[in-house]
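Dock chain A against chain X, hints included.
Each chain is listed here by its residues.
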Amino acid sequence: MKNIFHTILTAVMMTGVTMAQTLDRSKRPEPAPAREIQLGDYKTFTLKNGLKVIVVENKKLPRLSLNLVFTYDPVLEGERAGLGNITGELIKNGSTSLPKEKFNEEVDFIGASLSTYSTGANISGLSRTAEKLFQLLSEVVINPAMAAEDFERIKLNAISGIQAAKDNPSAIRTNVTNVAFFGKNHPYGEVETEQSVDKITLDDCIRFHQTYFRPNTAILAVVGDISQKDARKLAQKYFGRWKKGQVPTAKYPFPASPQSPVVHFSNRNASVQSAIHVGNVIDLPPGHPDAIAMRIANQILGGPEGRLFLNLRETKGYTYGAYSRYNTDRIAGSFYASAEVRNEVTDSAISEIIKEIKRMRDELVTEAELNLAKKYISGTFGLSLENPQTIARFAIDIERYNLPKDFYKNYLKALNAVTAEDVRTVSRKYFNVDRAHIVVVGKASDVVEKLRTFGSIQFYDAFGNEISASGPAVADMNISPEQIIRNYIAAIGSEQVINSIKDITTEYSAEITGMPFKGKFITKRLLTNPPMMSNELLVDGMGSLQRTVYNGKKARTTSMMGDSDIPDEQLDDLRQQAMLVGESLYLNPEYSLKLTGVENIDGRPAYALEVKDKRGKITMEYFDTETFYKVRQEFHMETPQGKLSIYVEMGDYRDVQGLKIPGKIRQGQGNQSIQLTFSSAQINSGLKPEDFKL
Amino acid sequence: MKKFNNLILLVIMTHFAIGQTQIDIRKTELSNGLRVIMHRDNTMPIVAVGVLYKVGSKNELPGRSGFAHFFEHLMFEGSEHIARGEFMKLIQASGGVNNAYTTHDKTYYYEVLPSNQLEMALWMESERMLHAKIDTIGVETQREVVKEEKRLRIDNQPYMSFQENLFKRAYKIHPYKSVPIGTMEDLNAARLEEFMDFYKTFYVPENAVLVIAGDIEYDNAEALVRKYFEDIPRGGRTIPRPDVTEPPLEGQIVDTIYDDIQLPAVFVAYRMPSKNSDDALALSLVSRLLSTGNSSRLRKKLVDEQQIALEVVAFPYDLEDGGLFITLALANFGKDPLDILNSMNAEIEKVRSEKISDREFQKLLNQFENQQISQMGSMQGIADLLAEYEVFYGDANLINTMSQKIAAITPEDLMRVANAYLDPSKRIVLYYLPKTSQP
Chain X
1 MKNIFHTILT AVMMTGVTMA QTLDRSKRPE PAPAREIQLG DYKTFTLKNG LKVIVVENKK
61 LPRLSLNLVF TYDPVLEGER AGLGNITGEL IKNGSTSLPK EKFNEEVDFI GASLSTYSTG
121 ANISGLSRTA EKLFQLLSEV VINPAMAAED FERIKLNAIS GIQAAKDNPS AIRTNVTNVA
181 FFGKNHPYGE VETEQSVDKI TLDDCIRFHQ TYFRPNTAIL AVVGDISQKD ARKLAQKYFG
241 RWKKGQVPTA KYPFPASPQS PVVHFSNRNA SVQSAIHVGN VIDLPPGHPD AIAMRIANQI
301 LGGPEGRLFL NLRETKGYTY GAYSRYNTDR IAGSFYASAE VRNEVTDSAI SEIIKEIKRM
361 RDELVTEAEL NLAKKYISGT FGLSLENPQT IARFAIDIER YNLPKDFYKN YLKALNAVTA
421 EDVRTVSRKY FNVDRAHIVV VGKASDVVEK LRTFGSIQFY DAFGNEISAS GPAVADMNIS
481 PEQIIRNYIA AIGSEQVINS IKDITTEYSA EITGMPFKGK FITKRLLTNP PMMSNELLVD
541 GMGSLQRTVY NGKKARTTSM MGDSDIPDEQ LDDLRQQAML VGESLYLNPE YSLKLTGVEN
601 IDGRPAYALE VKDKRGKITM EYFDTETFYK VRQEFHMETP QGKLSIYVEM GDYRDVQGLK
661 IPGKIRQGQG NQSIQLTFSS AQINSGLKPE DFKL
Chain A
1 MKKFNNLILL VIMTHFAIGQ TQIDIRKTEL SNGLRVIMHR DNTMPIVAVG VLYKVGSKNE
61 LPGRSGFAHF FEHLMFEGSE HIARGEFMKL IQASGGVNNA YTTHDKTYYY EVLPSNQLEM
121 ALWMESERML HAKIDTIGVE TQREVVKEEK RLRIDNQPYM SFQENLFKRA YKIHPYKSVP
181 IGTMEDLNAA RLEEFMDFYK TFYVPENAVL VIAGDIEYDN AEALVRKYFE DIPRGGRTIP
241 RPDVTEPPLE GQIVDTIYDD IQLPAVFVAY RMPSKNSDDA LALSLVSRLL STGNSSRLRK
301 KLVDEQQIAL EVVAFPYDLE DGGLFITLAL ANFGKDPLDI LNSMNAEIEK VRSEKISDRE
361 FQKLLNQFEN QQISQMGSMQ GIADLLAEYE VFYGDANLIN TMSQKIAAIT PEDLMRVANA
421 YLDPSKRIVL YYLPKTSQP
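Just so you know, the protein sequences line up as chains X and A, in that order. Quick note on the UniProt record's numbering: the first sequence kicks off at 1 and runs consecutively. Quick note on the UniProt record's numbering: the second sequence kicks off at 1 and runs consecutively.
This is chain X alone, in the form it adopts within the complex (with noise of 0.2 Å):
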């Protein structure tokens, strides 16, 4: 009987669900009526020391966290560039009343997370722990126990990111775009150097945190599950004894833009895709009133599936992807389009971009672009306002930069207002595309001159440093690839002198990407023929790391893992690495040499040579073109993940009893690099043959 039942029940339930087939699937489903964004209120107070409070409150989760902003001016840190954010990162380790270690432990035990910066600082965890993450936070912004050896340790992890950056276009694009948009006089052209970062002290730091540290200049926003009255409390008592001090004001002239566009170009021979930036500066602080018109503006042309998508990605298939940007800034802003695109295609990318951003300036958007983006936009800030971080950070804008209290509350109306003629306004106003800088990252000898048609060309190094020589095709392209292994030859030290070396013993210090440790690298070569060499990596308190032996015909490795014998067929490098001068061997039959041009090497012009042994290996030689030293070698090793590119960089030639050697080297692949530098050689020290046995 139940199961009856059943059955007709089910019955009833399938014609219901036959009459619901009637759906028109192909219908698209139109929105419900849309509740009003309703923006959380927020409160404001100072203390007497001049730090200003924001309390955002918010009982929905029992949570809590501070955000602390300093608004000092930018700073111009000149020889000392990276300062700033050293002395933000150093903050972050302890305290003067709670080492390191014990501070640790009180973060993790409460389960809240810290991070520290150059111009703030945050905490956040449960709200129960209120006084603690006030207590915690105020502990390292107003009394950081800054130790030595903290310092040094960070500071090598900065020399670290800055040599891994060197070879990524994307950090050289950024580092030439600051200096050409801004210039090296501003605190925003200012680049991070190995050289600046090592000038940077200790007491650097305790004095810049010193000075701009301040309450005076600060803005400490609390978010979530407190009260107004426990906030004043708590940041009364863990921020008011916070000293008041004079903090330096600045000011900075408004970068010039050029007369015309300009290309800055950076050369990297390895790329196989150019880095774009197409752009100028701008003047538009935040909360300006063309601000939200240029919101829309900058989502139609370089937004998700904007205009620079579907035209550079989509319909010429250029690039994976082509967007633009822009920031409001108090000082000087900046907008700029940007892709990474095949070197073949680097100045069509470049004509499209201009063509897209002109279209902007000369034509309407059609209403459908301008709904769309609109859609958009008011989605997405609805979307934000779901972390209450999002109301901090409006309350921050809105003290920070004066803008009307309703500001954000305005916000989606004065977005909905917008019109096309204003989205063409701020288009013509913003994006000078007739000013333009044009900054390309990519390997010169396949691009560069067809960039000439663009303006002209400045060239600049990966740090942003103008290179004087201007580029390829300045030097003397009629010398034969013979010759200037010649000159080589004899540049790094007479006939007479190079005869009469039996034995040279070469030591370097030797630094790896990433690693806080030191080592030295020996090289002792025999001058026999064949020629004996053994190289070895020693690190300091650990002993040797890896030897290489080469005794003329055989060739070994000893490392941790064990000892294991060379293939014969990386012999004859090894042997070529033995000699004196191994460049020599270029000048045998068994060698073809091209001359491929002249390219930019660390600021200098370089002969580029190409080298093809017997075996059809080919490696790239870079020669000074005047003082024909050797500065950069370049080759591939074919491994299971496909080619790996290798170069090795010299420079700083040093005289060694009339022979010349490289004071610096480094080696690298990818992001990683070992850089060497130079301590002592020794020559005719009387090796014998029983020093290179295997």
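No lab work stands behind these hints: they were computed from the structure. Note that the coordinates shown come from a computational prediction; the quantities given were computed from them, not determined experimentally. Every residue gets a Cβ at the ideal spot worked out from N, C-alpha and C, and that includes glycine. There are no misleading hints in this set.
Cβ-to-Cβ under 8 Å is the rule here; a few derived chain A residues that face chain X:
# : residue
1 : A93
2 : S94
3 : W123
4 : G293
5 : F333
6 : G334
7 : D336
8 : N366
9 : Q367
Computed, partial: chain X to chain A, Cβ under 10 Å:
#  : residue
10 : E101
11 : V107
12 : L126
In silico DSS-like pairs for lysine-lysine, Cα to Cα no more than 30 Å straight-line:
#  : chain 1 : residue 1 : chain 2 : residue 2
13 : X       : K443      : A       : K150
14 : A       : K435      : X       : K520
15 : X       : K59       : A       : K405
16 : X       : K27       : A       : K89
17 : A       : K150      : A       : K177
18 : A       : K54       : A       : K405
19 : X       : K316      : A       : K150
20 : X       : K660      : X       : K693
Same frame as chain X, but now just chain A:
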């Protein structure tokens, strides 16, 4: 259209609920077997919609590793009423965002939108479930995209082959022996007919859970769900699930991988019980004890005191049929991986032999609670948890009762599970060494 397959992240985000915050839930099951879980929260006009299909790489046939994830990509190619490339545009025009991911056990699709666009998300997900477009153009396009993704995220990243290398050694018969991204060879072999068949078998209402969290009214949301999903027919096929039981490891497996790296690394993996077991929960606390925060044991010992490691991580890669408890350390330059393993062993041994202090235990609970509350901060976080708990723990309401399960764990339990599962004689040890040191 970013589609993540970030397994580590996923696994590190182990989920558990908190005491104070009650999540209101309504559950329904449609006549076609689709389970629907809704959570109403009208604080903000936002809604998250997710569909979890209970299919992951463990449902792949031999020789077809990577298939489930490849298939996930095809599910963005359009449907009978959504043209190719239109999926993203429709979401954008709705003012929303979307994404998807695939693991060993599941495939999850989601959208977050202004709440007045709920119907749009439901329509799109119903299109995906009822008649997604699977054709040669889509398969061939996405085959290349997936291969690029593998190159970008795995092959070109140092150490990232560790998942593949650990799982293939940890499992001999269970399909967990392969990883969701698959192998190039298998990705190349996948054919259109196989995708059609996979769709008909697994992408069916009775194998899915639909979650909606946010600014909804229950009755109205349910009516919309019925409108778009109720007439999707059951698949009706028997859904194949692996029914093999992997025997325990018989001994310690030690191996070396030569990779394009400069720093050696050590990976150690132990087999874990099923992720819905109480022991798995206790193990997740053990992983925290070892590596969460600057004061955690492995970090303090290996990174701060001995300075032999640059980085250490311990995490439960927990799975339905039992996953792996993984610990790893990246060596400092010139440090012997053997010393690292010895120090890791010593710390594990300490957990096995000494009861942890009340303060340290309390720290773990506090960290737990913080993480839970963070996850409750977004509707998408809640939707994800509800689907996960419903499908793999049998009850979405675990989101409200997990705190009781956590409260029942004792310091003794941590010792007990460390002894039961973190057995040095039954584990995988992998050394990652620079290629240049390969003999």
